[in-house]
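Asks: Chain by chain, the residues:
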Amino acid sequence: MYHGRPTRFDPTKEADALLLERYVSASVVINSDCEIVSFRGNTDPYLALPSGKASFHILKLARRGLVIGLRTAISRAKKEGRAVKREGLQFQESERARTATIEVIPLPATSSSGSKRFFLVLFADASPSSHLSREKREPLELPGDRVASEEDLPHFAREYPTPQAEAGLFMEELKANNEELQALTEDLRVTNEELETSKEELQTTIEELTAANEELQIRNEQLKAAHEYTTALVETIWEPVAVLDEGLRVAWANRAFYTFFQTTAKATEQYILAELGNGQWDIPSLLAVLHDILPYNQDLDHFEVDHTFPAIGHKKMFLNARRIRWEKYETPLILLAFEDVTDRELEKQRQQFLGLATHELKTPLTSLRAYAELLQFTFEQAGDLQSAQLLAKMDGQIEALVDLTQELLDATQVESGHFHIHRKQVDLREVIRESVEEMQRTTSTHTITIESEVPCQIYADRMRIRQVFLNLLSNAIKYSPLGGRILVNMTASPEGITFSVQDFGRGIAPGQHHNLFERFFRVHGEKAETYPGLGLGLYIAAQIIDQHEGRIWVESKEGKGATFSFFLPSEPDSIEEKIQVSLSP
Amino acid sequence: MARKILLVDDAPVIVHAVGQILQVMGYEVITADGTEVMQTMTEQHPDLVLLDIWMSGCDGRDLCRQIKEHEVFCLTPVLLFSAHWNVAQIAEEVGADGSIAKPFKMQDLLGTIAAAIEKAQSRW
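If you read the protein sequences in the order shown, they are chains A and B.
Taking the numbering used here, I'd label the letters of the first sequence as residues 1 to 585.
Taking the numbering used here, I'd label the letters of the second sequence as residues 1 to 124.
Pulled out of the complex, with its shape left as it was, chain B reads as follows (with noise of 0.2 Å):
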C-alpha cells in the first residue's frame, strides 16, 4: 500500500513538481492550503506532512506547532520545506521531523522522506 503524503504550499508549481516526483516514486500525494490541513488530516490520515513556511495567509511554523500538539497526529512525521536559509534551525525550533530547503535535489527530498517515515513506523 502507496504511503499518503500531505503536501502544503501555496505556489502551484511547487505543489504540481514534487507531486509528479513523489508520484513516480510510488507514494499518493494529497494537497491541502493552509486553512484545510487538519481537517484534510483528520479525513486522510497521512503518513508524513511535507509544510512550506512562508504560505499567503498562513504560516507553516504554527500549522506545524498545532499538529505536534494534537492528541491524533502528534506523532506523524511533518518536513518542513522552505527557501529560508534558516529553514533546519526552524524546523528545530516548532517540533519539526526535519527539514528540506527549496531547491532541493530530488535524491535529498526522497531520502529525507523515506528516512522520517521509517523513524515513525519504528515508533508504532
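If we strip away everything but chain A, and leave its shape as in the complex, we get (with noise of 0.2 Å):
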C-alpha cells in the first residue's frame, strides 16, 4: 500500500529543472574521498567511463590531462576551504585536443551533511573555437572597475600561487599518481595471476567435460544397444508381453501378443486394458492392483484369469506385471506378461485322470486274478486239469493286463514327477535268482541261465531294481520267439555292478537303438505289431535305472540277438552327500 503524499505541480520548479537540464555548465558534486555523488550537464567531454573495476572515483573518470590539475585543485580546496580554478588544462577528446578550466568549490556544511564535507566541480570548456575559449588569461577583476593596487597582492598572491608552490603541489601529485600507479600495478600483478589460475582451472574442467561428454556418449551408445537388444528380446519371445501406461492405456504389444489374442495394433494400441476384445480384462481385481503397480512400485503375480475369447476360444493364464522404465517415455510403465497355462492345465489333468484310472483299473483286476486263481485251485483240487489249464492262460492275459496298467501308471508318475525310488542295503543277487526263477516259470521254450553273479550288497530299491530285471528277462523271451537260451550275468568292478540279460533272438538294427528307452517307441520290422506291449518298459526301466544314478544301454545286431546291461555304482554321489550331511555339526 502507497502511504506517500501526492506530488504537487510547481511550475517554478519544473522550470528551473528544465533550466538547469539545459543550461546548467558541466559539473559534478564529490565528496571529501573524491567519490561522485551527482553530475549536472554534459560531463562527456571531461568523464570517461574507465574500463576494469566500476568507480566513481573523479580522478580516474577524468580524461588525461586533466587529472593531475584536478588533483591540485581538489587538494587545494579541501585544505584552504575555498574555491580553487585552473585553466589552460591540455586534454584529448576523441582524438581532439582541447582546453579546458575547471574549478572546484567546496559547498557549504549543512546540518543534514553532518561532518561529510562535498565540493561542486565545475568543468568549462576554453578551447580555441569555443566561444568560451580566452586567448590570453584576463586579468583579475576587481570590484568597482578599478585597477589593482598594491593592496591587492595578497589577493593575488592567494589566486596565484607562487611557482614553488605550484612545483611542490605538481611533486605531490606525481608522487600520488606513482602510488596509485604502484597500486594499479599490484592490481594489475594479483589479476594477472587471478587470470592465471582461473585459466588453469577452465583448462581443467575444458577436460573434465571432455571426458563425461565422452562417458555420456558411450553410455549413450550402451543405452540404445540395450535397448535394442531389449526390444528384440521382447519382440522374439513366444510370451505375449504388452506395455500400458499410467491410465492402463496399450502404448505397445509385441508379435507374439498379436498372434496369440488374434488381433492388431491398431484395435490394441492407444486402447485402455478394460476396453480391449470383449472386456475380457474388465476385471476390477485385476485393474485395481494395475494401478497400483505405478504409484506403490508393487508386483503382480500369477493373477489367474479364465476367459472364453471369441477369437481363440477358452484359455487359462496367467498375468505377470512389473513397473518398468522406458527411454521413448517420460513416466514410468507398466509391462504386462500374458502366460498361457491352458495346456499345461489340460496335461496335469490328463495326468490326473490316467493316474486315477489306473489306479481304478486295479480293483476289478484284483478281483478278476483272485477269482481266476481260485478257480485254477479248485480244479486242480478236483482233477479237472483242462478247465485248470484254460485257467492258467486266462491267469496270464490278466497278468499281462496288470504289467500294462502298471506301466501305465509309472509313466504317468514319471511324467509328474512323482516317481520316486526308496533305496536300501540290499543283495541285489537274491533278487536276480528271483527274478529269472519267475520268468523260468513262465516259459517253456526258454532256458534262463545265470552264468555268472557277484556278492551284490548294494544301495538300491529292491522292489523297482526287480521291475527293470523282469522287464529285460520279458523282453528277451518276447523278442527271441523260437525259443533258445538266455544268459544272465554279473560283473563287479570297483565302480559298481554291471548286469546284463543277452538273448538270441532277432536283434535290434542299429538305428533303433537310441530311441528304445524313449517313451512309447516299439522296435519297428517284420511282424513287429504281433510283439504285445505300449513301448514303456523300457521308458520306466531307463528313469529307475537314472534315479539310481546309473546307466542302461543296449548292444545289438539284426538277427544276432541283444544284450541289454544296466550300471549301477557301489558308491552313488547322493549316498556321499548323505553321510557328509549327517557328519555335519
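A couple of the hints might just be wrong.
[Unchecked claim] Quick partial rundown of chain B residues pointing at chain A, CB under 8 Å, derived from the structure:
1) Ala-17
2) Gly-26
3) Ala-83
4) Ala-88
5) Ile-90
6) Leu-110
Source of the hints: derived by calculation from the structure; they are not laboratory data.
In this text, all values refer to a predicted model and were calculated from it rather than measured experimentally.
Heads up, the beta-carbon is just placed ideally off N, CA and C, and yes, glycines get one too.
Combine both chains into one complex, guided by the hints.
Replies: Dropping the structure here:
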C-alpha cells in the first residue's frame, strides 16, 4: 500500500529543473573521498568511464590531461576551504586536443551533511574554437572596475600561487600518481595471477567436460544397444507382452501378443486395457492391482484369468506385471505378460485322470485275478486239469493286463515328477535269482541261465530293480519267439556292478538303439505289430536306473540277438552327500 | 483251529474275492469297515489284519497306527494291501508288518500272510 503524499505541481520548480537540465555547466558534486555523488550538465568531454572495476572516483573518470590539475585543485580546495580554479588544462577528447578550465568549490556544510564535506567541480571548455575560450589570461576583475594596486597583492598571491608552491603541489601529485600506479600495477599483477589460475581451472574444466562428454556418448551407445537388445528380446519371445501407461492404456504390444490374441496393433494400441476384445480384462480386482503398480511399485504375480475369448476360445492364463522405465516415455510404465497355461492345465488333468484310471483299474483286476486263481486251484484240486490249464492261460492274460496298467501308472508318475525310489542296502544277487525263477516259470521254450554272479550288497530300491530285471527278461523272451537260451551275467568293478541279459532272438537294428529307451517307442520291422506292449517298459526301466545314478544300454545286431545291460554305482554321489550332511554339526 | 483274519476294505468285490481265497485255504475270515475295526478286534481277537489304505471316509494308515499303539493288539500283525505304487514304503512308515500290492498273485498273498502269522507267533 502506498502512503506517500501526492506530489504537488510547482511550475517554478519544473521550469528551474528544465533550465538546469539544458543550460547548466558541466559539473559534478564529489565528497571528501573524491567519489562523485551527482552529475550536472554534459560531462562527457571531461569524464569517461574507464575499463576495469566500476568506480565513481573523479580522478579515475577524468580524461588524461585533467587528472593532475583536478587533483591539485581538489587538494587545495580541501586544504584552504575555498574555491580553486585551474585553467588551460590540455587534454584529448575523441582524438581532438582541447583545453579546459576547472573550478572546485567547497559546498557549505549543512546540519544534514554532518561531518561530510562536498565539493562542486565545474568544467568549462576553453578550446580555441569554443566561444568560451580565451586567448590569454584575463586580468583579475576587481570590484568597482578599479585598477589593481599593491593592496591587492595578498589577494593575487592567494589567487596565483608561487612557482615553488605550484612545483610542491605538482610533486605531491606525481607522488600520489606514482603510488596510485604502483597500486594499479599490484592490482594488475594479482588480477593476472587470478586470470592464470582461472585459465588453468578452465582448462581442467574443459578436460573434465570432454571426458564426461565421451563417457556420455559411450553410455548413450550402451543404452541404445540395451534398448535394441530389450526390444528384440521382447519382440521375439513367445509369451504375449504388452506395455501400459499409467492410465492402463496400451502403449505397445509384441508380435506374440497380436498372434496369440489374433488382433492387430490398430485395434489394440492407445486403447484402455479394460476396453480390449469383449471386455475380458475388465476385472475390477485385476485393474485395482494394475493401478497400484506405478504409485506403490507393486508387482503382479500369477493373477489367474479363465476366460473364453471370441477369437481364440477358452484360455486359462497367468498375468504377471512389473513397473518399468522405457526411454521413449518420460513416465514409468507397466510391463504386462500373459502366460498361457491352458495346455499345462490340460496336461495336468490328463495326468491326474490317467493316474486315477490306472489306480481304479487295479480294483477289478485284483478281484478278477483272485477269482481266476481260486478257480484254477479249485479245478486242480478236483482233478479237472483241462479247466485248470484254461484258467492258467486266462491268468497269464490278466498278468499282461496288470503289467500294462502298472506301466501306465509308472509312466504317469514319471511325467508328473512323482516317480521316486526308496533305497536300502540290499543283496541284488537274491533279486536276480528270484526274478530268473519267476520268469522261467512263465516259459517252457526258453532256458534262463545265470552264467556269472558276484556278491552284490548295494544301495538300491529292491522292488524297482526287480521290476527292471523282470522287464529285461520278459523282453528277451518276447523278442526270441523261437525259444532258446537267455544268459544272465553280473560283473563287479571298483565303481559298481554291471548286470546283463542276453538273448539270441531277432535283434535290433543299430539305427533304433538310441530310441529304445524313449516313451512309447516300439521296435520297427517285420511282424513288429505281433509283439505286445505299449513301449513303456524300457522307458520306465531307464528312469529307474537313472534315479539310481546308473546307466542302461543295449548292444545288438539285427538277427543276432541283443544284450541289455545296466550299471549301478556301488557308492552313488547322493549317498556320499547324505553321509557328509549327517556328519556335519 | 483256523487262523482268524480281519479283512478291511471298502470295495465289496475285493472283500468277496479275497475272502473266498482265504476261506478255501482254511482261514476264518471276518470283515469290518474302517469305523468298526477297533471294536471288532476287541470282540474277535483276529490273528492278522489285512488292511486297505484308502477307504471312503477312512485312512488305513491311521488305523494301523492305532492298532500298533494299542496295549493289547500291538503285537497283532497288520498287512497293508493297496493299489498304491508305494505301498511297501507306506507300510514301513506306519509300522505295519508287511504289504501286498494290488493286484496280487494268490501265492504271494498266502505266502505273506502265513509268514506274518508265523513271525507273530514266534514272538509270543
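Asks: Give a verdict on every hint.
Replies: Okay, the hints, checked on the actual structure:
1. Ala-17: At about 4 Å, which falls below the 8 Å cut-off, the nearest Cβ of chain A leaves the hint on Ala-17 (chain B) intact, so it holds.
2. Gly-26: violated (12 Å)
3. Ala-83: holds (4 Å)
4. Ala-88: Result: holds, 6 Å to nearest chain A Cβ.
5. Ile-90: Hint on Ile-90 (chain B): violated, closest Cβ of chain A at ~10 Å, above 8 Å.
6. Leu-110: violated (10 Å)
The structure does not agree with the numbered hints 2, 5 and 6 stated previously, though it agrees with the rest.
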